[in-house]
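Engineer: Given these sequences and hints, build the entire structure.
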Amino acid sequence: MSNRQGAYGGTNGGDTSFRKTWDREEYAARAAEHERKQKEEGKARYEAAASGKKYRRRASTPPDARETEARSHRLDVASMVGKTMLVPQGAGVGKRGKGAGFYCEACDLTFKDNLQYVEHLNNRQHLVATGQTGEVTRATAEEVHQRLLWLKRKKDEESKGEVLDLDSRLKLNKEREDQEREEKRRKRNEKRRKTKDGLGHQEIKLENDGIIDSSTHWVS
Amino acid sequence: MAHHKADASKLLDDRGYGGRLIRGQNPALLFETGVRNRITQSYYWKEQCFGLNEATLCDRAAQIKFIGGTTGVNGKPTPFLCLAFKLIQLVPDKSVIFEYLNFEDDGEESDNEGDKAERNGEGEGDEDGDNGIMNGGRVQDPEAAGKRGAFKYLRALAAFYIRLAWEPVEIYNTLEPLLSDYRKLKRKTKEGYAMTYMDQFVDDLLTKERVCATSLWRMPPRSQLEDLDLLDVRESPLQGEVDAMDEDNGEEVEVVESESD
Ligand SMILES: [Zn+2]
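Chain order of the listed sequences is U and F.
If you're matching positions, the first sequence starts at 1 in full-length UniProt numbering and goes up one per residue.
If you're matching positions, the second sequence starts at 1 in full-length UniProt numbering and goes up one per residue.
A hint or two may mislead.
[As the list claims (entries may be wrong)] The calculated lysine-lysine pairs, modelled on DSS-like cross-linking and capped at a C-alpha distance of 30 Å, are:
id : chain 1 : residue 1 : chain 2 : residue 2
1  : F       : K186      : F       : K65
2  : U       : K154      : F       : K46
3  : U       : K152      : F       : K46
It should be emphasised that the hints constitute simulated quantities derived from the structure, not laboratory data.
Structural biologist: Set out below in structure tokens:
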């Protein structure tokens, strides 16, 4: 699977930000491929000329076309909720240029809602603009198995995380309770001492100086 | 059905359908037109089902929290139904469907001997289920240990697909072992949610005419296939229980527990 990140944010520029994430190696590979294609084309051109024919470049899929993949992230709809948007005229049609709403950088179109936006991302025009074939490779049973293994471990880790989380929450609660209990105990002691010794307010305050102001609450 | 109407086929794909067939016809016809339209017009379909293949579909299925057909006044399709329609579109290889159905984490340490028992095996019921699967005093089967078909909603999805897409003998042979999977399933209803179980769901698939907003094609009853020697007589692990129910002459009781979320 590709590891392209959330390329669907309404604000972060449409469907092509994955291009930025391509690493050098991939660029190099693409460049090499491009070079090979050019050489091939040159050869074909030469051979065509040699046999007296006119060379026609094949208008097939573009050389860097990639297969269409499922979205790896939810569309970022939440970030758009509650924002005032300028609504382009005409339902289902994007407004040319960047505006308020869901913007597709590749096509330079802005859509008024997520439904229109996702419809655009799925349509032919957008797929072509972003170099996608619109075709999806089938997965084998083994690939499915590997996928499920990965999902299972992810799930297990998450539930373990939840347990850990619960544990730490419980621990935190216990610490807080202990603190409160300790605090009460001290207050009780102070109160007892005060009544027993008849000590004044001020002295108690000095005794606990800098710790907490609860003594004053208690006394007053 | 040897023919279908031209306008229906146009609706499915106006350039003509050239994909895999199910029982000789366009698989999309297994869903009713209205339901099909509501699926393909739903946001879930457009956002979450676009570009899925057999493997990435698992990501979605692993997130499913309930089964169900369509809900609400607009007949909104559940993610479960959308993914079922995606499967209908993909027509995955059988080996893939078996993987959905019976996925097992082969690297996982098994602490229960019973879990290792083969399906249909005579293994002793595994009493110490760790998922709270014990249910009404029924004896747990390895099938239900949660190891096989670890993603229960994916398993339910595969079962639903098998009932729609496969041949009768395969359907009986593949689905019947799931009748001893007693894990709970949440089911979205018109009003809210209800509780059901995997075995109940599979039983519905084998016996009912309509499940999850979908008419199930009429398949020959088991007895007929037995008479033709296409199926062995089924020795149900719950035969005793079934007999007892027959004596009660009890009507089918649906367990409905309302849930808060
Ligand atoms: Zn676009």
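Engineer: Are the hints correct? Go through all of them and say.
Structural biologist: Now for the hints, and whether the structure bears them out:
Of the pairs offered as hints, the one joining K186 (chain F) and K65 (chain F) holds, with about 7 Å between alpha carbons and a cut-off of 30 Å not exceeded. For the proposed pair K154 (chain U) and K46 (chain F), the alpha carbon gap of about 26 Å is at most 30 Å, so the pair holds. Distance restraint check for K152 (chain U) and K46 (chain F): the Cα-Cα separation of roughly 26 Å lies within the 30 Å cut-off, and the hinted pair is therefore satisfied.
The structure shown violates none of the earlier numbered hints.
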